[in-house]
Amino acid sequence: MSYRSFNHLFLPLMVLSAISAFFIPVEYTSFCRGRVDGIFSPIASPLRRLVEMTSTRLGFNKQDSELLRDSGNLTDANREIDHLRVTVASLTVQIEELRRLNAGRDLGGELRNFSRPFKVLSSDLAGRDSLNIHATSGDGVAVGMPVVCQQGLVGKISAVGNLGAQVRLITDVGSRISGQFGKFILQPDGSAVFAPIATSEPLVEGRGHGLMVITNITMKEVDDSKLAAGDWIVLNDRDMWPATVNGQRLGQIVNIQKLAKSPLHSEILLKPLVNLDTLREVMVVTGQQPTAPAVAVKAPVDQRKTAAKPQAPTAKGERPRQAVKPAG
Amino acid sequence: MRWISYFILAYLIIAVQMALAGYLRWGQASPNLVLPAAVFIAINARREKALLGAFGLGLLQDLFTQHPLGLYAFSYGMVGLFVVGTQPAVYRDHPLTHFFITLFASVLVALVVCFNNWAYPILHSSNVQSHQPILGIFASALYTAALAPLLMGLFGRMKTLFGFRNRHSPMGGRQSISPTRD
Numbered sequence: 001m002s003y004r005s006f007n008h009l010f011l012p013l014m015v016l017s018a019i020s021a022f023f024i025p026v027e028y029t030s031f032c033r034g035r036v037d038g039i040f041s042p043i044a045s046p047l048r049r050l051v052e053m054t055s056t057r058l059g060f061n062k063q064d065s066e067l068l069r070d071s072g073n074l075t076d077a078n079r080e081i082d083h084l085r086v087t088v089a090s091l092t093v094q095i096e097e098l099r100r101l102n103a104g105r106d107l108g109g110e111l112r113n114f115s116r117p118f119k120v121l122s123s124d125l126a127g128r129d130s131l132n133i134h135a136t137s138g139d140g141v142a143v144g145m146p147v148v149c150q151q152g153l154v155g156k157i158s159a160v161g162n163l164g165a166q167v168r169l170i171t172d173v174g175s176r177i178s179g180q181f182g183k184f185i186l187q188p189d190g191s192a193v194f195a196p197i198a199t200s201e202p203l204v205e206g207r208g209h210g211l212m213v214i215t216n217i218t219m220k221e222v223d224d225s226k227l228a229a230g231d232w233i234v235l236n237d238r239d240m241w242p243a244t245v246n247g248q249r250l251g252q253i254v255n256i257q258k259l260a261k262s263p264l265h266s267e268i269l270l271k272p273l274v275n276l277d278t279l280r281e282v283m284v285v286t287g288q289q290p291t292a293p294a295v296a297v298k299a300p301v302d303q304r305k306t307a308a309k310p311q312a313p314t315a316k317g318e319r320p321r322q323a324v325k326p327a328g
Numbered sequence: 329m330r331w332i333s334y335f336i337l338a339y340l341i342i343a344v345q346m347a348l349a350g351y352l353r354w355g356q357a358s359p360n361l362v363l364p365a366a367v368f369i370a371i372n373a374r375r376e377k378a379l380l381g382a383f384g385l386g387l388l389q390d391l392f393t394q395h396p397l398g399l400y401a402f403s404y405g406m407v408g409l410f411v412v413g414t415q416p417a418v419y420r421d422h423p424l425t426h427f428f429i430t431l432f433a434s435v436l437v438a439l440v441v442c443f444n445n446w447a448y449p450i451l452h453s454s455n456v457q458s459h460q461p462i463l464g465i466f467a468s469a470l471y472t473a474a475l476a477p478l479l480m481g482l483f484g485r486m487k488t489l490f491g492f493r494n495r496h497s498p499m500g501g502r503q504s505i506s507p508t509r510d
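Just so you know, the protein sequences line up as chains A and B, in that order. Heads up: the first sequence is residues 1 to 328, going by the numbering used here. Heads up: the second sequence is residues 329 to 510, going by the numbering used here.
Simulated from the structure, these hints should not be mistaken for laboratory data. For clarity, every value in this text was computed on a predicted model and none was experimentally measured. Some hints could be false.
Under the rule of at most 25 Å between Cα atoms (straight-line distance), these lysine to any residue pairs were calculated in the SDA-like manner [stated by the list, open to error]:
| id | chain 1 | residue 1 | chain 2 | residue 2 |
| --- | --- | --- | --- | --- |
| 1 | A | Lys119 | A | Arg35 |
| 2 | A | Lys271 | B | Asp421 |
| 3 | A | Lys258 | B | Gln356 |
| 4 | B | Lys487 | B | Ser333 |
| 5 | B | Lys487 | A | Ile43 |
| 6 | A | Lys119 | B | Asn445 |
| 7 | A | Lys261 | B | Ala447 |
| 8 | A | Lys271 | B | Leu340 |
| 9 | A | Lys261 | A | Thr215 |
| 10 | A | Lys119 | A | Cys32 |
| 11 | A | Lys271 | B | Tyr351 |
| 12 | B | Lys487 | B | Asp421 |
| 13 | A | Lys261 | B | Gln356 |
| 14 | A | Lys261 | A | Phe194 |
| 15 | B | Lys487 | B | Trp331 |
| 16 | A | Lys271 | A | Ile253 |
| 17 | A | Lys271 | B | Leu463 |
| 18 | A | Lys258 | B | Asp421 |
| 19 | A | Lys119 | A | Ile43 |
| 20 | A | Lys220 | A | Ile256 |
| 21 | A | Lys271 | B | Thr393 |
| 22 | A | Lys261 | B | Ser453 |
| 23 | A | Lys258 | B | Gly355 |
| 24 | A | Lys271 | A | Arg35 |
| 25 | A | Lys119 | B | Leu340 |
| 26 | A | Lys261 | B | Pro449 |
| 27 | A | Lys119 | A | Lys258 |
If you want a taste of the chain B side facing chain A, the calculated C-beta under 8 Å gives, among others [said to hold, decoys possible]:
| id | residue |
| --- | --- |
| 28 | Val344 |
| 29 | Tyr351 |
| 30 | Leu399 |
| 31 | His452 |
| 32 | Pro461 |
Beta carbons are placed, not taken as given, at the ideal position from N, Cα and C, and that holds for glycine.
Required output: the full structure, derived from the provided sequences and hints.
The following block contains the structure:
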């Protein structure tokens with residue numbers, strides 16, 4: 001190919017890519033995402049697992065576990081309590097919400113009943129905050145579905161195809177969510193109650209690299225409401241998110257300072273309780289109760305009924321831990 | 329250049345980047361392992377294949393990010409144009425060459441990304457500003473450049489698999505690709 005004819009090929013390619021990058025809205029060009037993700041999983045998945053194991057052994061993710069431990073002044077064994085607290089916070093906000101909704105119009109209750117687990121393939125390849133997951137359109141996953149993990153809200157499905165899906169994390173730049181501050185208060189009888197903290201509606205914006213920020217709260221409000229590092233922020237966005245995920249934990253306050261541009265306003269830095277980039281598995285809230293996988297068992301006719309028991313849902317791509325065996 | 333080797337390299341480097349992304353983050357800086365591969369292709373292959381190779385790697389990377397589609401393809405095309413232009417003037421196998429060319433390429437990509445972050449909300453009348461921290465973008469560029477000699481040294485050991493033509497060979501290099509300018 002001559003120099004000139006190649007230029008005639010390459011120049012239109014560059015112009016097309018520039019038009020796509022700058023002028024065409026990202027919603028129109030994301031159709032091709034999620035189409036090839038699965039092709040890379042034979043190398044990416046085992047390598048990611050290996051790296052995860054290595055980093056856990058070498059203690060590189062120690063900071064995250066300490067953050068998790070510090071969240072409620074709890075010790076190591078109480079990870080489950082932390083999970084229950086997320087559920088309690090979520091349900092507290094949902095009760096308020098459900099009072100306003102007609103029965104049956106939207107979902108409510110424990111989130112795990114309406115979500116499906118999927119393995120994480122990788123995080124964003126260009127430094128943005130997103131995850132590529134092993135979910136496809138055939139799994140009932142659609143754009144806009146919320147994604148959660150045990151520690152709270154993760155993000156939203158931004159693209160889905162035949163071989164994968166992308167999740168835009170809540171910490172991604174440009175992500176905006178309405179929230180609600182809250183903290184757990186110990187009652188005289190020893191029980192802990194999630195108490196929302198009254199402020200004007202905080203707008204949680206993603207800042208990238210695992211951070212979020214709130215800048216629409218004044219310093220006076222911060223002082224009046226006694227906001228402090230360690231307080232939670234939970235989702236309270238009735239317009240953009242389904243009621244099921246309202247109240248899910250977004251993160252906790254790590255720092256409060258005066259906003260440089262406007263000293264009367266505060267800059268509240270927030271962080272999720274886990275590094276969302278390195279999650280191994282996430283739950284996509286599909287809104288449908290997961291069905292137990294069909295189990296083919298070679299057994300006598302009278303024993304089949306007892307053999308096929310429903311199992312807990314496993315992440316796609318993973319085998320169930322215990323195979324069902326015929327009785328006897 | 330043998331395209332089959334190129335596709336294997338592209339597959340492997342994207343898969344490795346997918347696996348390591350998130351774990352290699354250091355503060356706000358996260359390396360881009362695909363860029364050194366694009367620079368490696370651009371610095372060694374003939375002009376046409378170098379430009380297409382770099383553009384293709386960018387397009388592949390675009391499929392796995394939240395950035396608008398085409399941003400990295402465009403950036404890597406620009407990188408290809410720059411690196412191809414430096415081919416006659418640099419010692420291709422020297423680690424310092426790898427470092428500085430990748431640093432320049434990373435800064436070029438960072439500038440295009442920053443410009444996109446600034447221009448995209450204006451062009452689309454969006455009130456949602458998607459400003460990535462500029463310090464983080466340039467720290468990532470430096471991080472990528474620091475890893476480049478290591479990666480490109482590794483790629484250099486597999487150079488024969490790519491079948492790059494020597495610059496001074498009778499059929500290769502500038503003799504065969506010299507522009508037929510009027």
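Hints and how they fare:
no. : hint                 : verdict
1   : Lys119/A to Arg35/A  : holds (16 Å)
2   : Lys271/A to Asp421/B : violated (43 Å)
3   : Lys258/A to Gln356/B : holds (22 Å)
4   : Lys487/B to Ser333/B : holds (10 Å)
5   : Lys487/B to Ile43/A  : holds (22 Å)
6   : Lys119/A to Asn445/B : violated (30 Å)
7   : Lys261/A to Ala447/B : holds (22 Å)
8   : Lys271/A to Leu340/B : violated (33 Å)
9   : Lys261/A to Thr215/A : holds (10 Å)
10  : Lys119/A to Cys32/A  : holds (21 Å)
11  : Lys271/A to Tyr351/B : holds (17 Å)
12  : Lys487/B to Asp421/B : holds (10 Å)
13  : Lys261/A to Gln356/B : holds (22 Å)
14  : Lys261/A to Phe194/A : violated (33 Å)
15  : Lys487/B to Trp331/B : holds (13 Å)
16  : Lys271/A to Ile253/A : holds (7 Å)
17  : Lys271/A to Leu463/B : holds (19 Å)
18  : Lys258/A to Asp421/B : violated (51 Å)
19  : Lys119/A to Ile43/A  : holds (14 Å)
20  : Lys220/A to Ile256/A : holds (12 Å)
21  : Lys271/A to Thr393/B : holds (22 Å)
22  : Lys261/A to Ser453/B : holds (23 Å)
23  : Lys258/A to Gly355/B : holds (23 Å)
24  : Lys271/A to Arg35/A  : violated (31 Å)
25  : Lys119/A to Leu340/B : holds (20 Å)
26  : Lys261/A to Pro449/B : holds (21 Å)
27  : Lys119/A to Lys258/A : violated (40 Å)
28  : Val344               : holds (7 Å)
29  : Tyr351               : holds (5 Å)
30  : Leu399               : holds (4 Å)
31  : His452               : holds (6 Å)
32  : Pro461               : holds (6 Å)
Against the hints set out earlier in the document, violations occur for numbers 2, 6, 8, 14, 18, 24, 27.
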